[in-house]
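Based on the hints, put chains B, C and D with the ligands in the right spot on chain A.
From first to last, the protein sequence lines stand for chains A, B, C and D. If you count the first sequence from 1, you need to add 687 to reach the numbering used here. If you count the second sequence from 1, you need to add 28 to reach the numbering used here. If you count the third sequence from 1, you need to add 28 to reach the numbering used here. If you count the fourth sequence from 1, you need to add 38 to reach the numbering used here.
What the hints contain is simulated information worked out from the structure, not anything from laboratory work.
Calculated pairs, DSSO-like style, for lysine-lysine (alpha carbon to alpha carbon, straight line, at most 30 Å):
{"#": "1", "chain 1": "B", "residue 1": "K68", "chain 2": "B", "residue 2": "K38"}
{"#": "2", "chain 1": "D", "residue 1": "K537", "chain 2": "D", "residue 2": "K211"}
{"#": "3", "chain 1": "D", "residue 1": "K768", "chain 2": "D", "residue 2": "K741"}
{"#": "4", "chain 1": "B", "residue 1": "K68", "chain 2": "C", "residue 2": "K68"}
{"#": "5", "chain 1": "C", "residue 1": "K68", "chain 2": "B", "residue 2": "K38"}
{"#": "6", "chain 1": "D", "residue 1": "K787", "chain 2": "A", "residue 2": "K923"}
{"#": "7", "chain 1": "C", "residue 1": "K107", "chain 2": "C", "residue 2": "K38"}
{"#": "8", "chain 1": "D", "residue 1": "K98", "chain 2": "D", "residue 2": "K480"}
{"#": "9", "chain 1": "A", "residue 1": "K923", "chain 2": "D", "residue 2": "K741"}
{"#": "10", "chain 1": "D", "residue 1": "K727", "chain 2": "D", "residue 2": "K98"}
{"#": "11", "chain 1": "B", "residue 1": "K68", "chain 2": "B", "residue 2": "K107"}
{"#": "12", "chain 1": "C", "residue 1": "K38", "chain 2": "C", "residue 2": "K68"}
{"#": "13", "chain 1": "D", "residue 1": "K48", "chain 2": "D", "residue 2": "K537"}
{"#": "14", "chain 1": "D", "residue 1": "K480", "chain 2": "A", "residue 2": "K923"}
{"#": "15", "chain 1": "D", "residue 1": "K768", "chain 2": "D", "residue 2": "K727"}
{"#": "16", "chain 1": "B", "residue 1": "K107", "chain 2": "C", "residue 2": "K107"}
{"#": "17", "chain 1": "B", "residue 1": "K68", "chain 2": "C", "residue 2": "K107"}
{"#": "18", "chain 1": "B", "residue 1": "K38", "chain 2": "C", "residue 2": "K38"}
{"#": "19", "chain 1": "B", "residue 1": "K107", "chain 2": "C", "residue 2": "K38"}
{"#": "20", "chain 1": "D", "residue 1": "K90", "chain 2": "D", "residue 2": "K48"}
{"#": "21", "chain 1": "D", "residue 1": "K211", "chain 2": "C", "residue 2": "K38"}
{"#": "22", "chain 1": "B", "residue 1": "K38", "chain 2": "C", "residue 2": "K107"}
{"#": "23", "chain 1": "C", "residue 1": "K38", "chain 2": "B", "residue 2": "K68"}
{"#": "24", "chain 1": "D", "residue 1": "K48", "chain 2": "D", "residue 2": "K86"}
{"#": "25", "chain 1": "D", "residue 1": "K48", "chain 2": "C", "residue 2": "K38"}
{"#": "26", "chain 1": "D", "residue 1": "K86", "chain 2": "D", "residue 2": "K537"}
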Amino acid sequence: MRGSASAASGRAADSQSPMSFAVVVFPGSNCDRDCYHVIREVLRRPVCYVAHAEPQIPDVDCVIIPGGFSYGDYLRAGALAARSPVMGAIRDFAAGGGLVLGICNGFQILCETGLLPGALMVNTALQFICRWVHMRIEDVNTPFTRDCKPNQVLRMPIAHYEGNFRPPPEQGTGSAEAEDLFCGRIVGRYCSPGGEVSDNSNPNGSWSSVAAVSNREGNVLGMMPHPERCSEHMLKGSDGLYIFRSLVQWWEEDGYE
Amino acid sequence: MEVSVFIQLKDGVLDPEGETLRQSLRRLGFHEVDGVRVGKHLQISLAEDNTERARRRAEQMCEDLLANPVIEDYQVRMKEELS
Amino acid sequence: MEVSVFIQLKDGVLDPEGETLRQSLRRLGFHEVDGVRVGKHLQISLAEDNTERARRRAEQMCEDLLANPVIEDYQVRMKEELS
Amino acid sequence: MSESGPRWEKVGLTEGEYGIICRQLGRQPNELELGLYGLMWSEHCSYKSSRKHLASLPTKGSQVLQGPGENAGAVRLAADEDTAVVFRIESHNHPSAVEPVQGAATGVGGILRDVFAMGARPIALFNSLRFGNPDCPRARYLFDGVVRGIASYGNCVGVPTVGGEIYFDEAYKDNPLVNVMCIGITTVESIVRGRASGVGNSVFVVGAATGRDGIHGASLLASREFDDGGEDMRPAVQVGDPFCEKLLIEACLQLLTDDAVVGINDLGAAGLTSAASETAARAGTGIEIDVARVPRREEGMTPYEVMLSESQERMLVIVEGDREQAIRDVFSRWELEAVRIGEVIEDTVLRVRDGEQVLAELPVDTLVDAAPAYCRPAEYRDRGSEEMPLVDEPEDLGAVLVSMLGHPNLCDRRSVYQQFDHMVGTNTVVSPGADAAVLRVKGSRRAVAATVDGNGMLCHLDPARGAENIVAEAYRNLSAVGARPLGLSNCLNFASPEKPEVMGSFIQVVEGMARACRKLDVPVTGGNVSFYNETGQRQVYPTPTVGMVGGLDDVRLSVEPGFSSRGDLVVLVGRSLGHLGGSQYLNIIHQEVSGPVAEVDFSLERAISEVVRAAAAEGLLSSSHDVSDGGIATALAECCCLSPGRLGASVVLAGTGRSDALLFGEEGGRIVVSLPPQRLPSLCRRARKFDCPVTVLGMVGGKSLVIHRQMGEGDDISPPAGSDSSQWRKHLQRAQMTAEKLMDLPLDKLMQVREDGLI
Ligand SMILES: Nc1ncnc2c1ncn2[C@@H]1O[C@H](COP(=O)(O)OP(=O)(O)O)[C@@H](O)[C@H]1O
Ligand SMILES: [Mg+2]
Numbered sequence: 688m689r690g691s692a693s694a695a696s697g698r699a700a701d702s703q704s705p706m707s708f709a710v711v712v713f714p715g716s717n718c719d720r721d722c723y724h725v726i727r728e729v730l731r732r733p734v735c736y737v738a739h740a741e742p743q744i745p746d747v748d749c750v751i752i753p754g755g756f757s758y759g760d761y762l763r764a765g766a767l768a769a770r771s772p773v774m775g776a777i778r779d780f781a782a783g784g785g786l787v788l789g790i791c792n793g794f795q796i797l798c799e800t801g802l803l804p805g806a807l808m809v810n811t812a813l814q815f816i817c818r819w820v821h822m823r824i825e826d827v828n829t830p831f832t833r834d835c836k837p838n839q840v841l842r843m844p845i846a847h848y849e850g851n852f853r854p855p856p857e858q859g860t861g862s863a864e865a866e867d868l869f870c871g872r873i874v875g876r877y878c879s880p881g882g883e884v885s886d887n888s889n890p891n892g893s894w895s896s897v898a899a900v901s902n903r904e905g906n907v908l909g910m911m912p913h914p915e916r917c918s919e920h921m922l923k924g925s926d927g928l929y930i931f932r933s934l935v936q937w938w939e940e941d942g943y944e
Numbered sequence: 029m030e031v032s033v034f035i036q037l038k039d040g041v042l043d044p045e046g047e048t049l050r051q052s053l054r055r056l057g058f059h060e061v062d063g064v065r066v067g068k069h070l071q072i073s074l075a076e077d078n079t080e081r082a083r084r085r086a087e088q089m090c091e092d093l094l095a096n097p098v099i100e101d102y103q104v105r106m107k108e109e110l111s
Numbered sequence: 029m030e031v032s033v034f035i036q037l038k039d040g041v042l043d044p045e046g047e048t049l050r051q052s053l054r055r056l057g058f059h060e061v062d063g064v065r066v067g068k069h070l071q072i073s074l075a076e077d078n079t080e081r082a083r084r085r086a087e088q089m090c091e092d093l094l095a096n097p098v099i100e101d102y103q104v105r106m107k108e109e110l111s
Numbered sequence: 039m040s041e042s043g044p045r046w047e048k049v050g051l052t053e054g055e056y057g058i059i060c061r062q063l064g065r066q067p068n069e070l071e072l073g074l075y076g077l078m079w080s081e082h083c084s085y086k087s088s089r090k091h092l093a094s095l096p097t098k099g100s101q102v103l104q105g106p107g108e109n110a111g112a113v114r115l116a117a118d119e120d121t122a123v124v125f126r127i128e129s130h131n132h133p134s135a136v137e138p139v140q141g142a143a144t145g146v147g148g149i150l151r152d153v154f155a156m157g158a159r160p161i162a163l164f165n166s167l168r169f170g171n172p173d174c175p176r177a178r179y180l181f182d183g184v185v186r187g188i189a190s191y192g193n194c195v196g197v198p199t200v201g202g203e204i205y206f207d208e209a210y211k212d213n214p215l216v217n218v219m220c221i222g223i224t225t226v227e228s229i230v231r232g233r234a235s236g237v238g239n240s241v242f243v244v245g246a247a248t249g250r251d252g253i254h255g256a257s258l259l260a261s262r263e264f265d266d267g268g269e270d271m272r273p274a275v276q277v278g279d280p281f282c283e284k285l286l287i288e289a290c291l292q293l294l295t296d297d298a299v300v301g302i303n304d305l306g307a308a309g310l311t312s313a314a315s316e317t318a319a320r321a322g323t324g325i326e327i328d329v330a331r332v333p334r335r336e337e338g339m340t341p342y343e344v345m346l347s348e349s350q351e352r353m354l355v356i357v358e359g360d361r362e363q364a365i366r367d368v369f370s371r372w373e374l375e376a377v378r379i380g381e382v383i384e385d386t387v388l389r390v391r392d393g394e395q396v397l398a399e400l401p402v403d404t405l406v407d408a409a410p411a412y413c414r415p416a417e418y419r420d421r422g423s424e425e426m427p428l429v430d431e432p433e434d435l436g437a438v439l440v441s442m443l444g445h446p447n448l449c450d451r452r453s454v455y456q457q458f459d460h461m462v463g464t465n466t467v468v469s470p471g472a473d474a475a476v477l478r479v480k481g482s483r484r485a486v487a488a489t490v491d492g493n494g495m496l497c498h499l500d501p502a503r504g505a506e507n508i509v510a511e512a513y514r515n516l517s518a519v520g521a522r523p524l525g526l527s528n529c530l531n532f533a534s535p536e537k538p539e540v541m542g543s544f545i546q547v548v549e550g551m552a553r554a555c556r557k558l559d560v561p562v563t564g565g566n567v568s569f570y571n572e573t574g575q576r577q578v579y580p581t582p583t584v585g586m587v588g589g590l591d592d593v594r595l596s597v598e599p600g601f602s603s604r605g606d607l608v609v610l611v612g613r614s615l616g617h618l619g620g621s622q623y624l625n626i627i628h629q630e631v632s633g634p635v636a637e638v639d640f641s642l643e644r645a646i647s648e649v650v651r652a653a654a655a656e657g658l659l660s661s662s663h664d665v666s667d668g669g670i671a672t673a674l675a676e677c678c679c680l681s682p683g684r685l686g687a688s689v690v691l692a693g694t695g696r697s698d699a700l701l702f703g704e705e706g707g708r709i710v711v712s713l714p715p716q717r718l719p720s721l722c723r724r725a726r727k728f729d730c731p732v733t734v735l736g737m738v739g740g741k742s743l744v745i746h747r748q749m750g751e752g753d754d755i756s757p758p759a760g761s762d763s764s765q766w767r768k769h770l771q772r773a774q775m776t777a778e779k780l781m782d783l784p785l786d787k788l789m790q791v792r793e794d795g796l797i
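Only chain A is shown next, with the shape it has when bound in the complex (with noise of 0.2 Å):
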C-alpha cells in the first residue's frame, strides 16, 4: 500500500514542506468549510478550495470531499457531483497514489464515481439522521487510521439520509465469505460504545454495519462519520482528530519513504 501511495510520498520526500490539503467545493456542498477550518486551524497546515469545474487539482498530498447535499442530492445523493470535472482529476490523483477523503457526501460521491465500492442508499429508517455515534476501527493500515489501536472505538457524529451501505451486488449476501469477497477494506463499523457490533448500533441499516470502506491501496477513504466536527474539545468530542493526525503522521514518516 505505501508503494501505491508513491504519488504523494513522492513529492513529500523532496520537499520538507508541510503536507498540504485541498478541499473540494461543489454547488451544494456544506461541510467545506467546517473541513477548511479544521486543517487550517486545528491541524495547521496548509489548506485550499478546489471548484467542481477545475479540470485539474493543485499540487497537494491530500484531497477532502467534504458532506454537503451536492447539486442537491437530486437523483442520487453524489451522483451530479461525481460527473464533474474535478473527479476526473481526482481519479488520476488517486490512481497515482494520492490520498483522497470522502466525508459523508463525499463518500457518496467516492461511490458514485466508481472510486469506492458499493452504494449508499437511503436510511432504513427513511429519515435524515444527525447524532453522534461510535465507530470500531476495523483496519489500522491505512494512512487514515494507522494512529488509531486495532478497535479502537472513535466517537463521532453522522447527519445524513443517505447513509445505508450496500456492496457491489456479487458481494451482497451478508456472508463471512461474502465480507472476504468484497472488493474494498471495511474500515469503521458502527458500534456500542463498548465495541459490539449488532442491529442495536446501527444506525441506517448498512450492510455489516459498514461505516467507512477504503478501496484495496487504502488511499482513497468514504466515511459517513463527521471527523470534522468531532475535532475540537469544545465540540464535545475531538475523536476526528485520530483520523487527521493519522494522515499527517502517514505523511510525515512512512510517506518519505
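Frame of chain A, contents of chains B, C and D with the ligands only:
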C-alpha cells in the same frame, strides 16, 4: 419527443421505502398488499424527432448518469409505447 | 396481480430535481434535453385476481396515502396495460 | 377572491380602502394597479390591524444596530467587538396547513433570505411549532410533514437547526403554527440595508425563475379566514429548492463583499411588488420594472402574475449602474441567473412596464405606508379573576411525574431534532436539548446564545401575564446557559382580528410583552404578525412566540442542564411558590386549562439571572437548568436524564401547601444549578449581592431521582454563610431523615418514558 425512463432497484436489493409503504398500506387496511417496490419515473422531453435515435440517447443518459448500475436497473419507453 | 402507480407533480408545480437534472444532462452533452420531470413509479403486488377491483383498490391507496393531492397527480396502470 | 361583486373585493380590499386609494391617486386604479394595492394593503403586508399597537414595544438599546423595519433586526454582540448578530422570526402557518412539507420548507427558505439579505451569513435556525394532539391522524400528518420540511430545507442549505419548541393542543388542530427563526453573523460595518438608492442604478432579479407559485398565496391566505381553502389554493402551493437557496446564499454573500451593491432585498410575500416598493420607500426613490424581462418558468404569465408571484429563492439586488458585469460574473460562477429588470428612478413611484407599454404607475408611499391603520374594536376579558380549579391531589406523585414526562408536550424532543442537522458549521457548542443553544463565533472567544419560547395556553388564560411569562422564560433560558440577553424578535399568532375578543387579547399580549421587555431591558428588534389562524369555530390560542438572542463573553463557560458530577450539590436559585394556574400539570393530569396565571416577579427574574450568569462566568457551575413547564420536579428529572453520566439525585423540597403544587407549580423565577460543595460559599456571596434567595435541595448521585418533602417547618435548609462541605452532607442527611419520601424513580425508566413520548 417524450421519453419515459424507469429506474428501479435491482431484484434482491433491499428497498426500505417500498417496505415501509407496504407496512403503512396494510396498516391502513389494504391487507391484500403483498409487496411494494419504489422506483423513479423520469419524463424527458427531447428535441429529437427520430424515435430510435431518441431511445438510444435516453439509454446513454441512463448509462452515464440516471441509473447507478450497482443497485439499479433501467428501462426506456417511448411515449407511444405507453398507450 | 401487479399494479403500477405513477405519481408526478402537477403541472406548474416547481420540480427542482427535474430542473437540476435537465441542466446536468445538458452539461454532460445531452443538449437535446428540453425538460425533465421527476416522478415516482410504485410497483404493487396485490393478492387480488380481479383487475377492476385491483385497480379500484390501488386508486384508493393513492387517495389515502400514496399521492399528495395538493401537489401531485397519480395514474394507475395494470401490468398488462404496460405492453 | 370572489369572482363577482365589486372590484375591490376581488383583491381583498374594502370599499372604504378603495375610496382612500382613489383619493390618493386622484383617479381610479386600473386592474393591475388595484391588484398591487390589494397585495400591499393586505393584512399580511400592511399590518393594518396591528401597526398601531406594535408601536408600544421598546426598540432602543445601546446594542441595537437595526430595529424593526428592515429585513431583519441586528444587535452588537459585545460593546468592544464589531460582531453583529442578525436575526428574525417569521410564521409560515397557512402554507403549512395546506401542504406541511413544502409550507415549512419554504418558511425556512424565506427566513434565511431575510437574514442574508442583511449581509449576514446564516449560522443557525430555530422553530416553534404547534399542532393538534398527535394521536389525531391529521395532526400527526401535519407534524411529521412539518418536521420533514424543516429538515429537508435546513439540512440541505447547510444551516444547523439548533433549537425550537413544540406543543400539542386541540386549539391547533386545524391551524398548525409554524414559526421559524434564523440567526446570522456579520460585522457591524457590513450590514446591508434593503434600499434602492441612487437614481439610475440597476435593479436585478437573481436566483430562480418566476412561476405561478403562491399567486393568491401566502399574503392573501394569511390575510383572511381560512375555511374554504382547499381546492383552489392548490396551484398556489410554493415548492422550495434548498439547493438553489444554498447557491443564492453563497452568491449574495460573495456579491456583498463588493461595494457595487447598493441594496438587496428578498422576494417574499407579495413578491416583486413588495420588494420593489419597499426598497424604494426606504431610500426615498422610485423603481421602474419591465415585467417582460423577468425570467419565467411558465408560459403565458400575465404581468399581474409576474408582479404577484411568490416563487421562492429569488432576490432583488440594486447595483451601481456601471457595475453590472460584476454581478453577472458572480452569479454565473454559481450557475444562477441574474437579470436586469429595471432601474432606480427619481419619481417616487413604482412603474411597471411590459416592454414599451406602461402598465401601472403608483406612488411608492401609497403602496407602502398609506394603508389605513385600524384600531379594531377590542373586547377585554377580565382574566385576573380566573378561579383555581378544584382538583384532588393524586396519591402517587411519582406516577404523575412519569406520565408528565411521557406526555408529548414535555417529553424528549430528540426524535425531532435528530432529523435536523444541528452540527453543520461546527459552531454548535450547546446543542438542542438544553435551555438555549450556544454557537461559537469563530475567530473570537465569544458566543451567541438563542432560544425560542411561546405559550398559547397561558395567553389564552391571561394574555398580558402570559406574554410577560414568555419573555421572562426566554430571558431565563439564556441566563441558564450563562448568556446575557441582547434583543428579541417576536411572532404573534392569532385568530381573526375582526373578532373583538381576539383583538383584545392581541392588544393585551403586546402590552404584556412591552412591559416585560422594559422591565428586563431587552429591546425588540423586529417581529411578525400572523392573523386569521382560525377555521370554522376553532381558533388558535393567542400564541406569541419570542426568539431571544444573547451573548457569552467566553464560549468555554457556557453551562448545560445535565448533572455532571456525583457529589455535587443541587441548589435552587430563586424561590418556589407552588403556583399551579395554567400549568401543564393541570392540563395533562387533570385536563384543565384554567386557573390564574402567575405574576412575573421581574426583580427576582433579574436577580436569579445575574447570579447564575456571574456564577457561570466564574466557572462555578457544573450544570444549570431553568424551571418551566412541569415545574421543579420535571426540571430535576430533566437534569438527571440529560446527565452525560446518567446521574440521579436525591433532594428535599421545603414549602407549605400541597405537594402537587410544590412539585409541579410553574411560576418563573427559578433556576436549578449543581456545583461542587466547596464552591457553594462563592455562589452564596453572589446571591447576597443581588439579594437572591438560594436553597440547597440535595445532592447529585445514584441511579434514581429521589424527591422528599420536608415535614412541617423543619430545619432551615437555606445555606448559612461559610459552612463547609462536611457540614452540608450532614445537614442534608438530617433533612432527608425527617422528610417524607414522595418518589423514588429509576433513571432508566424516566429516560425511557421521555423518549417514547412522541413515538
Ligand atoms: N422543533 C424543535 N427543533 C429543534 N429543537 C427543539 C425543537 N423543539 C424542542 N427542541 C429542543 O428541545 C429542548 C427542550 O425544549 P423545551 O422544553 O421547549 O425547552 P425550554 O423549556 O427550556 O424552553 C430545547 O433545547 C429545544 O431547543
Ligand atoms: Mg428552559
